[in-house]
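Chemist: One letter stands for each residue in the lines below.
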Amino acid sequence: MTALSRRSSDAQIVVEGLEKRFRIARRDRGLWGAVKGLARRDYQDVLALHDVSFQIAAGELVGYIGPNGAGKSTTIKILSGILVPSGGRCEISGLVPWRNRVAHVARIGVVFGQRTQLWWDLPVIESFELLRDMYRVDQHRYQRSVDELIALLDLESLLDIPVRQLSLGQRMRCDLAASLIHEPEIIFLDEPTIGLDAVSKLAMREFIKKQNHERGTTVLLTTHDMDDIEALCSRVMLINHGTLLQDGTVEDLRSDQRRVVVDFQGVPTLTPDHQRLLESSQGERLVFALAGGVTEFLGEVTAHYQVRDLVVEHPPIEETVAELYRQARSSLR
Amino acid sequence: MPLLRKGRRGTVAESLWLYGRLVSQSIRAQLQYRLSFTLTAFGGFVTSVVEAVGIWALFERFGSLGQWTLPQVAFLYGLVNCAFPISEALARGFDVFGKEFVKTGNFDRLLLRPRSTVLQLAGHEFQLQRIGRLSQGLAVLAWAIWMLDIDWNIGKVLLLLFTLISGVVFFYALFIFQATISFWTTESLEMMNTLTYGGVETAQYPLAIYRGWFRGFFTYVVPLGCISYFPSLAILGIADPLGSSLIFQVCAPLAGYGFFAVALLGWSLGIRHYTSTGS
Numbered sequence: 576m577t578a579l580s581r582r583s584s585d586a587q588i589v590v591e592g593l594e595k596r597f598r599i600a601r602r603d604r605g606l607w608g609a610v611k612g613l614a615r616r617d618y619q620d621v622l623a624l625h626d627v628s629f630q631i632a633a634g635e636l637v638g639y640i641g642p643n644g645a646g647k648s649t650t651i652k653i654l655s656g657i658l659v660p661s662g663g664r665c666e667i668s669g670l671v672p673w674r675n676r677v678a679h680v681a682r683i684g685v686v687f688g689q690r691t692q693l694w695w696d697l698p699v700i701e702s703f704e705l706l707r708d709m710y711r712v713d714q715h716r717y718q719r720s721v722d723e724l725i726a727l728l729d730l731e732s733l734l735d736i737p738v739r740q741l742s743l744g745q746r747m748r749c750d751l752a753a754s755l756i757h758e759p760e761i762i763f764l765d766e767p768t769i770g771l772d773a774v775s776k777l778a779m780r781e782f783i784k785k786q787n788h789e790r791g792t793t794v795l796l797t798t799h800d801m802d803d804i805e806a807l808c809s810r811v812m813l814i815n816h817g818t819l820l821q822d823g824t825v826e827d828l829r830s831d832q833r834r835v836v837v838d839f840q841g842v843p844t845l846t847p848d849h850q851r852l853l854e855s856s857q858g859e860r861l862v863f864a865l866a867g868g869v870t871e872f873l874g875e876v877t878a879h880y881q882v883r884d885l886v887v888e889h890p891p892i893e894e895t896v897a898e899l900y901r902q903a904r905s906s907l908r
Numbered sequence: 179m180p181l182l183r184k185g186r187r188g189t190v191a192e193s194l195w196l197y198g199r200l201v202s203q204s205i206r207a208q209l210q211y212r213l214s215f216t217l218t219a220f221g222g223f224v225t226s227v228v229e230a231v232g233i234w235a236l237f238e239r240f241g242s243l244g245q246w247t248l249p250q251v252a253f254l255y256g257l258v259n260c261a262f263p264i265s266e267a268l269a270r271g272f273d274v275f276g277k278e279f280v281k282t283g284n285f286d287r288l289l290l291r292p293r294s295t296v297l298q299l300a301g302h303e304f305q306l307q308r309i310g311r312l313s314q315g316l317a318v319l320a321w322a323i324w325m326l327d328i329d330w331n332i333g334k335v336l337l338l339l340f341t342l343i344s345g346v347v348f349f350y351a352l353f354i355f356q357a358t359i360s361f362w363t364t365e366s367l368e369m370m371n372t373l374t375y376g377g378v379e380t381a382q383y384p385l386a387i388y389r390g391w392f393r394g395f396f397t398y399v400v401p402l403g404c405i406s407y408f409p410s411l412a413i414l415g416i417a418d419p420l421g422s423s424l425i426f427q428v429c430a431p432l433a434g435y436g437f438f439a440v441a442l443l444g445w446s447l448g449i450r451h452y453t454s455t456g457s
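Chains D and F supply the protein sequences, listed in that same order.
Just so it is clear: in the first sequence, position 203 is 778 by this note's numbering, and no numbers are missing.
Just so it is clear: in the second sequence, position 51 is 229 by this note's numbering, and no numbers are missing.
Just so you know, these hints were derived from the structure itself, not from any lab.
In this text, all values refer to a predicted model and were calculated from it rather than measured experimentally.
Derived Cβ-Cβ restraints for the label pairs, each shown as a range:
#1 Gly770/D - Trp362/F: 31 to 37 Å
#2 Glu760/D - Thr189/F: 22 to 28 Å
#3 Arg716/D - Asn331/F: 51 to 57 Å
#4 Ala678/D - Leu336/F: 39 to 45 Å
#5 Trp695/D - His451/F: 24 to 30 Å
#6 Ile736/D - Leu447/F: 36 to 42 Å
#7 Ala678/D - Tyr435/F: 28 to 34 Å
#8 Thr225/F - Gln740/D: 31 to 37 Å
#9 Glu888/D - Gln210/F: 51 to 57 Å
#10 Phe395/F - Ser628/D: 50 to 56 Å
#11 Gln740/D - Thr363/F: 31 to 37 Å
Here a beta-carbon is modelled for each residue, glycine too, at the ideal position from N, C-alpha and C.
Could you build all of it, start to finish, from the sequences and the hints given here?
Modeler: So this is what it looks like as C-alpha cells:
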C-alpha cells in the first residue's frame with residue numbers, strides 16, 4: 576500500500592488487482608459432441624488474469640514478458656479499452672479505458688505484431704490520411720509528424736504501395752508509424768518484432784528507443800525476444816498463468832549463475848570438488864557451472880591444471896527466463 | 179477528395195464527412211478491379227431478372243394472386259427490390275461482420291480508433307456491384323407504375339419516396355441485427371439469412387395472402403409489411419382486405435426507423451458482451 580501511494584502521484588498507468596475470467600464453452604469431440612453442444616453447453620471458467628497490479632510512470636519503457644497464454648495480450652487489451660476486466664481497477668491518465676473508450680484510445684497508440692491496423696487494399700499514404708481524419712489531427716500537425724515518421728522509419732519508397740503487397744518488415748514499420756501519427760502519450764506494442772529479420776529488428780528497436788528518449792512516450796512492450804528486452808527496457812514485468820511473478824530491472828532477471836569454459840592442455844584429472852561443478856565436457860574443453868566464488872575457482876584451476884584458455888560467461892537471459900517459467904509451472908502443480 | 183467539406187470537430191457533419199471519406203476510398207478500391215465489378219454487377223442483374231420472370235410465369239399460370247394483378251404485385255416487388263440492394267450496398271460492413279470482424283478478431287482494430295463502431299462499419303465498404311440488382315428493381319417498379327393507372331398527386335409521390343427510404347432503413351436494421359448476433363455466435367448466421375433474404379421474398383407478395391400469425395409477425399415484430407404492403411395500398415388506392423386505415427398505411431413506414439433504433443440498442447448490448455467476453 577505504501578509502495579502504491581508513494582508512486583501514485585506520477586503514475587500514468589495504474590493497475591490494481593486486475594482480474595479477468597473467460598468462460599469457455601466445452602464441447603465433446605466429434606460430430607456427436609457438436610450436436611450435443613447445440614442443446615446444452617458446459618462452460619469452463621478460465622482465469623486469464625489474477626490480481627495483477629502495477630504502476631507505470633510517464634516516460635517509462637517497460638517490457639512485459641511471459642510464455643504464450645500467460646495473460647500478456649489480455650492485459651494489453653484491457654489497457655487499450657478493448658476488453659472489460661472481471662474485477663480490479665485500471666486508470667490511464669485519469670481515464671478508465673473501457674468506460675471512456677473513445678477519449679482513451681485517442682491518446683494511445685497500439686501495435687499488434689500479428690495483425691495490421693492499416694487498410695489492406697489502400698496505399699500506405701492513404702491509410703495514414705484516413706487515420707489523420709479518424710483521429711482528428713489537423714493538417715499542420717499531421718504533416719509535421721508524418722514527415723518525421725517517414726524519415727525515421729525510411730518509408731518514402733513504400734508510401735504508394737498497397738499494404739497487402741508489403742513485406743512483413745515493411746508492414747511493421749508502416750504499422751508503427753500509423754500508431755504514432757496522432758502523437759500518443761502512450762504506446763502498447765504487442766510483439767512488435769515477431770517474425771522480423773535481424774536488420775528490421777534492429778531498426779525497430781532503435782526507433783522505439785528514440786521515441787521513448789526524445790519524445791518521452793511511455794512504452795509497454797510484450798515480446799518473446801530477450802534481446803528486445805536487453806536492448807530496450809529498464810524495467811521488466813514477468814507474468815505467468817495470469818499472475819505477475821516479477822517486476823524489476825533487467826539485472827534482476829540475470830541469475831548469479833556463471834559458466835566457466837576452460838580449454839585444458841590434455842584431458843585433466845579433476846579433483847572431486849571440481850568434478851561436482853562440471854556441467855559438460857568435450858575433449859579438452861570442459862564447462863563448469865558456478866553459483867558464486869568465481870575468482871577462487873579461477874585461481875584453483877590455473878594453479879592445479881595446465882590451462883590454455885578460459886572464458887567466463889553469463890548464461891543467456893533466455894535460460895534464466897525459461898527457468899522462471901518452469902518454476903512457476905511446477906509450483907502450480 | 180472529400181465529398182463534403184470538413185466540418186467542425188465532433189459534430190454530426192464531421193462524422194458524415196468522415197463517412198464520405200471512407201465510402202469514397204471503398205469505391206476507389208473496388209474500381210481497381212473493374213472487370214470483377216462489371217461481372218458481379220451484371221450477374222446480380224441477370225439473377226434478379228430470372229427471379230422476376232419466375233413471378234411472371236406464376237401469373238401466366240394462375241392469372242392473379244387474390245385480388246392482386248400482376249402489375250400490382252410487380253409494384254411491391256419493385257419497391258422491395260429497390261430498397262434491399264441499396265441497403266446491401268450501404269450495410270456491407272454489417273453483412274460480413276461475423277466472418278470478417280468477429281471470427282478474425284479484426285473488430286479490435288475498430289475499437290482501437292476513437293470513433294463509433296457503427297460509423298466505422300457503415301464506412302467499411304460501399305458495395306457498388308449491387309447496382310445490378312437495383313437497376314432490375316427500378317425497371318420492374320417503372321414497368322408497374324406505367325402499367326397501373328395510379329392517380330398521382332404530390333402526396334403519393336412523397337409517400338413512395340418515404341416508403342423507399344424507410345425500406346432501406348429497415349433492411350439496414352436487419353443487417354445490424356445479423357451483425358449483433360455474431361457477437362454471440364458466428365455459426366447460426368443461416369438463421370438470419372431467413373430473415374433478410376426470406377424477408378425480401380416475403381415482402382414481394384401482398385401480406386394479405388399469408389396466415390394471421392405470419393402477418394402479425396411481419397407487421398409488429400419485424401415490420402416488413404410496414405415498409406412495403408401497407409404504404410403500397412395507399413399509393414395504389416386498394417382497399418385493404420385486412421381493414422387497415424389510410425392513416426395507418428401512410429404512417430406505417432415510420433416503423434422502419436423504430437426498428438432501426440432497436441437494432442442500434444441491440445448493437446450496443448452486443449458490444450458490451452464482446453468486450454466482457456473477448457474473442
